[in-house]
Amino acid sequence: MSHTVQKAPADAGTATASTSLMDVLKRVDWHRYVIYIAFVVVFLFFAVLLGDQGFLSSNNLLNILRQTATITVIAVGMTYVIACAEIDLSVGSVAGLASVSCAMAISNWGLVPGILAGLAVGLVVGTINGGLVSMLGIPSFLVTLGMLGIAAGVAQWITSSAPQPILNDTFNLTFGGGDFGPIPGLIVWAAVFVAVGAVVLNKTRFGRQVLATGGNRTAAEFTGIKTRRIKFQVLLISATVASVAGMLYAGRLQSGRFQWGAGDELSAIAAVILGGTSLFGGSGAVIGTMFGALLIGLINNGLILAGLDSSQQQVVRGVIIILAVALARKK
Amino acid sequence: MAHPIPAVQMRGIHKAFYGTTVLDDVDFEVLPGEVHALAGGNGAGKSTLMKILQGVYSMDRGTIAIAGQPVQINSIHEARANGIGMVFQEFSLVPSLTVAQNVFLTAEPLGRGGLISDREAVRLAREVFAEMEVEVDPKAVVADLGTAYWQLTEIAKALGQDARVLIMDEPTASLAKHETEALFDLVERLKARGISIIYISHRMDEVYRIADRITILRDGRRLLTEKLTDVTPEQIVEGIVGRKIEGLSYRHRGHETDAAPLLEATDLRAGSRVNGVTLTVRPGEIIGLAGLMGSGRTELARVLFGIDKLDSGEVKLHGKVVTISNPQQAISHGLALIPEDRRAQGLVLEHSVRDNLLLPLLDRTRKGPFLSATAARELSERLISHFAVKVDNPGRPVRLLSGGNQQKVVLAKWLGTEPDLLILDEPTAGVDIGTKSEILEMIRNLADDGKAVIVISSEYPELLAVSDRILVLRDGAVSADLPRRDIADEETLQLAVQGVHS
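Those protein sequence lines, which keep their order, are chains A and B. Take the first sequence: its position 40, counted from the start at 1, is 40 in our numbering, and no numbers get skipped. Take the second sequence: its position 328, counted from the start at 1, is 328 in our numbering, and no numbers get skipped.
Please keep in mind that the hints were generated in silico from the structure rather than gathered at the bench. All of these numbers come straight from a predicted model, not from anything done at the bench. Where is the CB? At the ideal position from N, CA and C, for every residue including glycine. Treat the hints loosely; a few may be bogus.
[As the list claims (entries may be wrong)] From the derived model, a few chain B residues whose C-beta atoms are all more than 12 Å from chain A:
#, residue
1, 24
2, 142
3, 429
[Claimed, not checked] Under the rule of at most 25 Å between Cα atoms (straight-line distance), these lysine-lysine pairs were calculated in the DSS-like manner:
#, chain 1, residue 1, chain 2, residue 2
4, A, 226, B, 51
5, B, 191, B, 177
6, A, 203, B, 320
7, B, 390, B, 51
8, B, 320, B, 309
9, B, 191, B, 51
Working from the sequences, and respecting the hints, build out all of it.
Here it is as structure tokens:
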């Protein structure tokens with residue numbers, strides 16, 4: 001506890017002439033920026049390699065954004081859950097269940113009941129997930145793993161596995177099918193979720209309490225934070241956000257289907273981790289998450305343009321994700 | 001002289017858990033600007049009393065008044081609203097957040113549109129640190145800072161939220177000597193500002209150094225409250241343990257100084273912290289390792305035990321050169337390391353006392369390929385009684401034991417392997433004085449049985465009490481090799497450690 005100034009690592013960047021470039025690089029905490037570096041590198045790589053195949057055309061770039069949008073929305077909710085040191089595996093099937101519930105309610109009762117039905121799926125599932133985790137102390141991994149099966153099963157059951165067409169144009173145009181001005185609606189939806197998610201996590205007391213609970217639950221508890229409530233809330237948020245994503249699937253594809261969103265939980269988790277949120281909680285970056293989702297979208301798109309078949313795509317995608325996460329580790 | 005209104009006055013506090021009385025009619029008061037030491041053995045009720053004051057536990061009977069006003073404290077929140085701040089023994093910060101974010105956690109300054117203003121938090125944190133007259137970068141991430149800064153951050157966190165009473169629980173446990181001095185200076189400054197401090201410590205010298213009064217609890221009752229000028233250390237120690245303590249002063253033990261060395265290490269080098277250590281340990285000898293934080297003591301222990309890789313140098317055991325590149329080899333060569341952080345490195349906290357004890361001994365409880373429950377029970381019972389671990393049911397998780405008893409479990413666990421050379425890193429950190437003397441006595445008995453012991457400690461009185469020879473480490477090498485009889489007192493050792501040759 002000396003009275004001398006402890007130099008923060010960032011200040012140490014003022015290198016003397018004798019320190020080599022390596023030393024300087026070592027001291028910059030570049031791990032935090034891995035996602036941005038990776039994004040730029042992969043982008044440039046595809047731009048050079050696939051420029052002729054139309055990778056850089058504005059149409060293709062918009063396509064990437066559009067295809068990434070729903071994952072981005074889900075991943076914003078997932079960022080809160082993971083920053084709080086929990087996990088939500090049920091988001092993909094919640095999206096599917098929300099899409100069919102919404103579609104069936106629209107065809108029976110109209111637009112507004114449809115949207116409410118979709119949201120209700122998220123609220124109900126989120127309440128159950130959050131309640132079991134925070135009240136009974138069951139690990140979220142197990143609760144949401146169970147819920148993944150339940151939601152998917154219910155969605156398939158109530159529709160008898162049949163797609164549920166949505167003929168309401170207002171719905172389809174608003175939820176991802178149409179454009180807001182010149183910009184595809186899906187991209188606007190994703191941008192809004194990212195913006196709100198980033199501000200709430202970084203700039204509100206709620207967001208700070210999520211990070212504190214994830215970073216050191218005991219400390220948070222002893223600081224007067226109701227950590228159970230925080231855990232409940234993040235799971236509620238995640239499921240509700242997933243239900244909106246499900247309606248975005250429904251609007252874009254003009255139907256509800258139990259398969260919509262299947263497997264999205266893994267892409268969303270990958271996006272969150274790539275974005276620099278710690279899997280052990282305590283830190284979270286919504287903007288990073290967005291870039292994580294974009295990177296995954298970029299890779300998918302590039303690999304398709306490069307002519308790889310879907311099995312090869314999976315392998316390459318997996319390798320890139322492991323590589324990026326390995327580089328982003330602190331030690 | 002008018003009696004000032006106490007900052008905190010607790011009267012007739014009574015608390016029972018499941019029918020067991022933990023606090024029985026305890027009175028406790030702290031005056032404004034007073035440092036009041038709270039002492040007592042494990043289970044005396046200190047932490048329960050403090051948890052009641054902090055709103056963690058509710059009391060069964062009794063009253064609390066803050067600055068003369070009767071208050072109800074039913075939650076941590078209410079305690080803080082009443083100006084009670086806590087500096088925890090186990091640090092309670094969120095490592096992933098910055099210093100300023102931690103200081104104002106749940107009380108963040110809000111700026112435009114009700115959003116948190118981190119810039120304002122940094123500014124206010126700077127003000128708090130300026131008032132404390134210490135320099136800490138509020139923008140630094142807590143995980144990147146040393147423990148001394150963690151503690152300053154905790155104190156700032158309490159002060160930043162207008163605490164008038166600070167509870168400090170073993171605040172110096174993880175601090176080096178100069179950091180402790182800086183903390184004491186800070187305590188003086190806080191006192192001058194009228195802030196009251198409840199100081200919980202097992203270290204008698206510290207209590208005398210900074211406290212004005214002391215309250216001793218024993219078995220849930222208040223034994224005495226006295227000015228420190230009116231009691232002797234012997235009275236305090238006796239009050240805490242309820243009997244006279246003998247193990248804490250040096251006792252000469254005759255051991256063969258010309259016996260063949262058990263361990264000879266020559267010019268050990270590893271990483272940046274061990275830079276050419278040469279040492280010899282004979283059977284029956286207790287070697288103390290002294291040095292400042294970062295002098296390489298712990299790293300040396302890790303290298304000897306095969307946890308860290310040895311870059312160069314030679315290790316001989318019983319005169320034969322050996323290679324120890326992992327802990328399994330170290331154990332098979334008869335070494336045991338009792339690590340610094342018993343919770344993280346020495347125990348599986350959720351496992352039972354018995355399972356913890358038997359972990360290194362599984363081979364001995366085997367019948368064929370399976371573990372024998374009977375053999376396990378017998379062996380663990382023997383260890384528990386031999387090492388006087390206070391435990392009602394060895395099947396309960398070790399997490400439920402007090403710090404001192406946890407440490408005994410760690411000791412018992414390793415001594416069960418019957419090692420020839422025992423390395424103990426801070427063996428008495430955070431244990432009460434009664435247990436401490438038992439542990440020191442245990443170490444002496446081990447040496448009397450012909451085992452060689454290396455004790456690493458930041459507490460000079462402890463090193464002086466138990467060591468036959470003290471090696472001073474400095475910058476990863478042995479800078480002095482002092483037989484115990486050549487060290488006159490603590491100050492001599494202190495000077496040697498600081499590198500001042502008299």
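Need the list of violated hint numbers for this structure, in ascending order.
2, 6
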